[in-house]
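Number of protein chains: 4
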Amino acid sequence: MVKTTLMHVGPSIGDYDVQLAGVCPDQGFASEKFKSAMSEALKGINYVMGCDDSYLPFIIPGSGTIAMESVTTFLQRKDKILVISNGVFGNRWEGIFSRYDVELTILKSHAGYCVSHEDIMGSLNRKHYKMIISTHVETSTGVKFPIEKYAKIFREHCDIIVVDGVASVGGELVKTSEWDIDIYITASQKAIGAPPGAGILVVKKKLFQDYSDENISGYFTNLMNWKPVMETSIEGNGGYFATPPIGVVFSLRNAFARIRDETMEKRVERHKKLSRSLRRGIKSMGLGIVAQEGYESSTVTGVLLKDMDADLFVKNALKFGVEFAVGVHPDLKGKYFRIGHMGWVSREDIFKALNAIYNTMKEHDPKTPMPDMDSFFE
Amino acid sequence: MVKTTLMHVGPSIGDYDVQLAGVCPDQGFASEKFKSAMSEALKGINYVMGCDDSYLPFIIPGSGTIAMESVTTFLQRKDKILVISNGVFGNRWEGIFSRYDVELTILKSHAGYCVSHEDIMGSLNRKHYKMIISTHVETSTGVKFPIEKYAKIFREHCDIIVVDGVASVGGELVKTSEWDIDIYITASQKAIGAPPGAGILVVKKKLFQDYSDENISGYFTNLMNWKPVMETSIEGNGGYFATPPIGVVFSLRNAFARIRDETMEKRVERHKKLSRSLRRGIKSMGLGIVAQEGYESSTVTGVLLKDMDADLFVKNALKFGVEFAVGVHPDLKGKYFRIGHMGWVSREDIFKALNAIYNTMKEHDPKTPMPDMDSFFE
Amino acid sequence: MVKTTLMHVGPSIGDYDVQLAGVCPDQGFASEKFKSAMSEALKGINYVMGCDDSYLPFIIPGSGTIAMESVTTFLQRKDKILVISNGVFGNRWEGIFSRYDVELTILKSHAGYCVSHEDIMGSLNRKHYKMIISTHVETSTGVKFPIEKYAKIFREHCDIIVVDGVASVGGELVKTSEWDIDIYITASQKAIGAPPGAGILVVKKKLFQDYSDENISGYFTNLMNWKPVMETSIEGNGGYFATPPIGVVFSLRNAFARIRDETMEKRVERHKKLSRSLRRGIKSMGLGIVAQEGYESSTVTGVLLKDMDADLFVKNALKFGVEFAVGVHPDLKGKYFRIGHMGWVSREDIFKALNAIYNTMKEHDPKTPMPDMDSFFE
Amino acid sequence: MVKTTLMHVGPSIGDYDVQLAGVCPDQGFASEKFKSAMSEALKGINYVMGCDDSYLPFIIPGSGTIAMESVTTFLQRKDKILVISNGVFGNRWEGIFSRYDVELTILKSHAGYCVSHEDIMGSLNRKHYKMIISTHVETSTGVKFPIEKYAKIFREHCDIIVVDGVASVGGELVKTSEWDIDIYITASQKAIGAPPGAGILVVKKKLFQDYSDENISGYFTNLMNWKPVMETSIEGNGGYFATPPIGVVFSLRNAFARIRDETMEKRVERHKKLSRSLRRGIKSMGLGIVAQEGYESSTVTGVLLKDMDADLFVKNALKFGVEFAVGVHPDLKGKYFRIGHMGWVSREDIFKALNAIYNTMKEHDPKTPMPDMDSFFE
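Chains as they are written, first to last, in UniProt numbering: chain A, 1 to 378; chain B, 1 to 378; chain C, 1 to 378; chain D, 1 to 378.
Bear in mind the hints are in silico, worked out from the structure with no lab data behind them. Please read all numbers here as calculations on a predicted model, not as lab measurements. Check each hint, because a few of them may be wrong.
For chains that are exact copies, the list does not tell them apart, and a pair is met inside one copy or across any two.
Straight-line alpha carbon distances no greater than 16 Å define the calculated EDC-like cross-link-like pairs of lysine to aspartate or glutamate that follow [said to hold, decoys possible]:
(1) Lys362 <-> Asp374
(2) Lys272 <-> Glu293
(3) Lys35 <-> Glu323
Construct the entire structure; sequences and hints are all you get.
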């Protein structure tokens with residue numbers, strides 16, 4: 001009767017009430033009910049992102065990647081861009097910009113590490129960038145970049161600060177206004193806990209003042225096409241550029257309502273506490289954490305196996321009721337797996353994860369010690 | 001107790017069973033259950049499109065527009081493109097290509113008309129095009145382009161034939177293989193009857209033989225990024241490029257299963273018959289059809305009002321339980337509204353639409369004659 | 001793609017929103033959420049029954065029959081009971097009382113007729129009864145008994161007036177207080193439009209003043225066991241005697257909320273108008289109505305076939321998307337079928353019913369005339 | 001964000017997939033889909049009860065109590081009945097039989113204990129009974145009666161052996177055929193894990209051979225009325241006596257399918273193991289188990305508090321995400337609470353229960369020791 005808990009890195013730990021809110025076969029994008037849901041969803045984005053009224057939120061049909069690519073709206077040919085990449089999803093910016101005529105500098109780190117302060121400062125001091133991009137939580141390793149420390153420094157070396165918060169928003173502390181970030185990106189299906197189907201971002205409104213049609217973006221990714229829709233939608237008046245993922249919007253509304261009930265403060269605290277208990281349990285079984293100490297995220301944990309193949313581990317763990325994700329960082333190929341613990345994750349889920357890891361390991365090595373559970377009852 | 005029936009043009013006439021199939025909070029893209037659903041959904045696309053094995057189907061997170069823009073995968077700078085546009089969504093290609101360095105020829109028609117045969121032949125004889133694009137059913141007016149007659153002619157004047165079937169696939173006869181179309185585009189939420197959230201297309205496999213990285217597409221729209229995912233997914237093995245709209249895929253699987261139960265032959269016949277009864281009823285009340293005779297689609301009908309404002313009409317019709325869409329073609333601004341009758345549309349829905357139109361009109365003009373219902377009982 | 005509409009006589013014409021409200025795997029009978037729903041459901045019963053505060057509503061797990069049998073709470077051995085039965089469900093009282101030591105007088109009518117005024121007055125004048133029972137709408141034929149005319153007369157000839165409103169409450173005018181009925185019975189799944197699973201009744205509170213443990217009821221049917229639960233539940237404080245059908249209660253709450261939105265006045269009007277259109281359509285095809293003129297209900301219609309077997313008719317009608325019920329009155333065995341048109345029934349459903357009848361008949365007799373639809377557009 | 005887990009004693013630990021299967025607004029009792037579900041549900045009852053073909057299963061709209069009362073079908077006035085009651089629900093038989101003219105002997109135990117062997121043998125040796133009734137698991141205390149040891153003894157002293165398995169069937173080992181029980185009773189919402197709304201029982205077919213209309217049952221509780229329906233329904237042919245709880249039947253079908261997937265052997269083992277871990281954890285925190293050692297059930301656990309009021313405990317535990325049930329045995333009023341761990345209960349639920357107990361206790365007494373979790377990782 002083992003029912004599988006989804007602790008993949010995206011989506012992860014879903015919720016029936018949130019998904020059932022998206023069952024709406026009689027709703028189009030022009031109904032009052034939808035317009036109201038869209039307005040609340042947009043306002044919810046501002047809430048979880050920590051944005052004041054100087055930002056405009058966007059819900060774009062698609063996924064986080066489309067939201068990432070939409071930063072091209074504010075770029076022109078030959079613009080200088082600095083990407084601080086701590087893994088596979090940081091490197092995704094390289095894939096994106098390879099399709100455009102821009103001048104990209106990308107700093108890369110070893111798996112589990114952040115790019116070093118020295119490397120960052122070296123690149124910053126070398127030139128002024130149009131855009132500096134960093135990934136808040138790197139989904140491929142679980143490393144968290146201390147964007148709150150760097151935002152002020154970046155400001156002096158670029159025009160536009162972009163943060164990819166796909167794996168952080170909704171679970172980590174995000175203070176877009178306070179940190180003065182220009183564009184913060186995420187997606188519906190991770191720590192916000194709605195179904196996949198929407199790229200999400202907030203953009204500082206004043207960026208549009210300098211908007212030029214000469215920008216390098218395509219059509220769907222050109223935020224100028226979406227801007228009037230979001231402006232009228234946040235006011236409850238709807239709008240149309242391309243058909244929105246209607247069910248996902250209703251689910252987002254429900255998810256944000258529950259996030260407000262919990263408050264972002266307590267939500268961030270919960271993610272922090274649970275991820276700490278998880279790491280403690282993992283280490284007590286003799287396994288390693290991919291992320292370097294002090295840089296562990298509260299939403300994704302990479303776990304280093306000792307002498308067991310990660311594909312086999314993930315496959316075997318299914319028997320104990322948890323779906324983990326294999327590791328995808330090429331440096332550690334086959335050597336680690338990943339745990340998503342975001343959104344609606346509970347203490348019981350963490351317990352279930354540890355139990356599944358323990359039992360999967362024990363099949364492989366009967367001497368595996370039981371995980372330390374003391375922190376669970378605090 | 002009037003419950004609203006959604007007869008907007010997209011989405012339109014939803015179904016609970018299809019949507020409930022998408023409630024799956026414990027499913028990520030790596031589960032066996034999802035891989036199986038994705039495989040069946042992809043095969044279902046081939047079925048409704050009339051494709052043999054020489055085509056590869058794609059499900060792209062987003063909407064029909066992203067599928068449209070993805071044809072850039074097969075274009076290079078300065079390529080010559082001919083677009084035969086019969087309305088607003090035909091003109092959308094102009095918006096798309098305005099972002100790219102291509103040489104676009106666009107033929108436009110009057111509202112309700114197809115571009116004339118003379119105009120088409122004129123343009124065809126002037127040069128050889130890399131790509132010729134037409135819209136099967138123009139959502140803004142309900143006009144259907146006789147692509148089955150033109151496909152062979154286009155073949156002689158271009159390399160790649162693209163058809164935008166966003167408003168036709170699932171309701172109109174589509175024979176991609178037989179007509180030798182290279183790329184046929186649609187979306188999840190129209191005549192296929194699943195929720196919005198996915199752009200869908202089929203691509204003749206041999207197009208990828210000439211693929212060059214020098215193409216003009218962006219990153220998300222570059223089908224080469226999606227190709228390996230679709231190739232493994234259709235075999236039931238899954239794959240990843242960006243997070244798929246998981247619930248929409250489960251809904252698509254369910255929708256295609258029901259479409260196979262009905263068979264495409266009967267489905268096309270049903271759409272044809274119901275749309276005929278609808279038009280007959282409309283005309284019997286003294287209203288006009290936007291589409292020129294002989295070019296009416298089976299999925300979308302534009303209705304010309306006499307002396308009533310379309311916005312007001314659509315608003316008032318809500319009282320009688322039907323949500324119609326206002327007209328959006330600028331030539332007929334305020335003068336017509338649109339009816340979506342696709343996917344799961346039934347005889348009762350058509351009856352309800354006529355009843356709502358009749359009662360809305362009668363409030364405005366008490367002498368409005370009752371709609372002719374004879375064809376309903378055939 | 002023909003989707004079946006349920007026009008059986010119970011349940012009939014369901015609603016997804018009402019049923020989805022009953023999906024509550026995390027709710028027991030002690031939760032605040034359930035207590036609140038139970039309170040609202042009980043108050044809703046009073047609303048649809050037209051009861052003031054001198055009545056106590058009951059929701060009993062089971063079906064209408066258990067609610068019927070619970071009138072034994074107010075009966076003692078050898079009590080005299082008069083049942084006015086207009087069909088199979090009136091006769092059900094005979095089955096019930098055959099299990100108890102009471103003195104039953106039952107008046108029966110011919111199929112489609114009410115017991116005659118002469119017969120009723122004859123029995124009334126013969127003795128004084130402890131209880132007089134009549135069926136508001138007889139489900140087996142669709143005949144409606146004019147209880148509003150008889151209530152005052154009954155009062156002079158008995159202590160307790162019971163009305164079985166299983167097939168009427170929620171669709172017909174019911175004024176329990178105004179008519180001074182002592183016990184009005186119904187069930188969740190008919191014109192109230194919730195799922196089956198609950199017997200429902202209202203009882204004049206002062207009946208409990210004369211309650212004696214010497215009554216003939218069993219344990220589950222003894223309303224004295226349920227009384228304290230309903231008294232605390234209506235106040236929002238819950239209570240327990242046997243486990244309630246939790247999901248059905250949540251569905252009832254939702255159903256009553258929508259009934260209040262519509263108002264009972266408009267709901268009764270809607271049922272009246274739609275049933276009139278239905279009968280007119282049926283007659284125009286040359287078929288007969290089982291109920292005698294002037295006694296037709298707004299919720300159930302029995303249809304007399306000419307030379308076609310009713311079982312075959314009902315089976316064939318499924319092909320045209322409607323599930324009707326076969327007739328069950330032994331006098332007319334095989335000669336008629338029944339249509340349930342209650343609760344969430346719409347004009348479209350009536351249209352669909354007529355269409356299904358027409359097409360089923362036409363297969364049998366090609367000369368069947370088309371149904372008259374004029375009244376539909378009023 | 002604490003989501004409440006329902007660990008009340010009935011219903012307890014629900015499941016969305018099982019409940020969503022019951023959303024069926026277009027299904028009446030005459031549809032092929034329902035008939036098939038009803039047949040599978042009836043066969044599922046035989047499976048979980050361990051019945052061969054000499055038993056007939058019944059699904060009766062209502063609750064477990066109505067199933068209990070239906071044993072009157074096989075009783076006549078003045079019949080001698082022995083009830084072995086280990087608590088409040090055993091005593092419920094006293095309430096039931098107080099309504100009938102039978103000669104009842106009821107043996108009662110102290111809270112947490114079973115009636116002693118001596119007392120049972122004393123009563124058995126005193127006379128021959130028509131019916132001997134025992135409760136397999138007493139919901140008010142969690143005590144399990146070793147019916148497997150007594151069945152043979154009972155056989156020598158009575159005609160009909162009845163077991164109330166409301167709180168055991170689906171979670172405890174039940175071998176109706178092997179133990180030669182005549183009537184085994186349960187309900188849908190406990191260890192079977194479907195929603196409440198149905199009383200369930202199996203009856204040895206040969207009991208009907210001696211059936212007499214002179215029995216003491218009422219109408220709804222007279223199994224002879226239901227027998228033909230169940231006989232045709234198990235064959236997939238449907239039938240009607242009173243409207244079945246249609247959604248509950250669909251849910252039961254789904255629940256039984258999953259029970260077969262797990263197998264009853266593994267299901268019983270799971271309940272046994274989890275309840276053992278739960279009791280171990282409870283004791284390690286210094287709390288007591290209501291049930292005497294050796295008589296603990298695998299489905300319900302009563303927990304003795306030390307110096308804390310049970311009402312307050314249950315209320316406070318809600319803050320930690322678990323809904324427990326207060327104790328209802330009058331001997332221990334206010335001194336204990338109850339935990340339902342049935343049906344879909346998982347290791348994580350047990351962990352959550354222990355965590356909630358620990359934290360609730362710690363608020364009250366900071367020196368409460370952490371629960372022993374060692375057995376959890378076995």
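Going down the list of hints, with the structure as the test:
no.	hint	result
1	Lys362 <-> Asp374	between (20 Å within a copy, 15 Å between copies)
2	Lys272 <-> Glu293	within (14 Å within a copy, 42 Å between copies)
3	Lys35 <-> Glu323	between (36 Å within a copy, 14 Å between copies)
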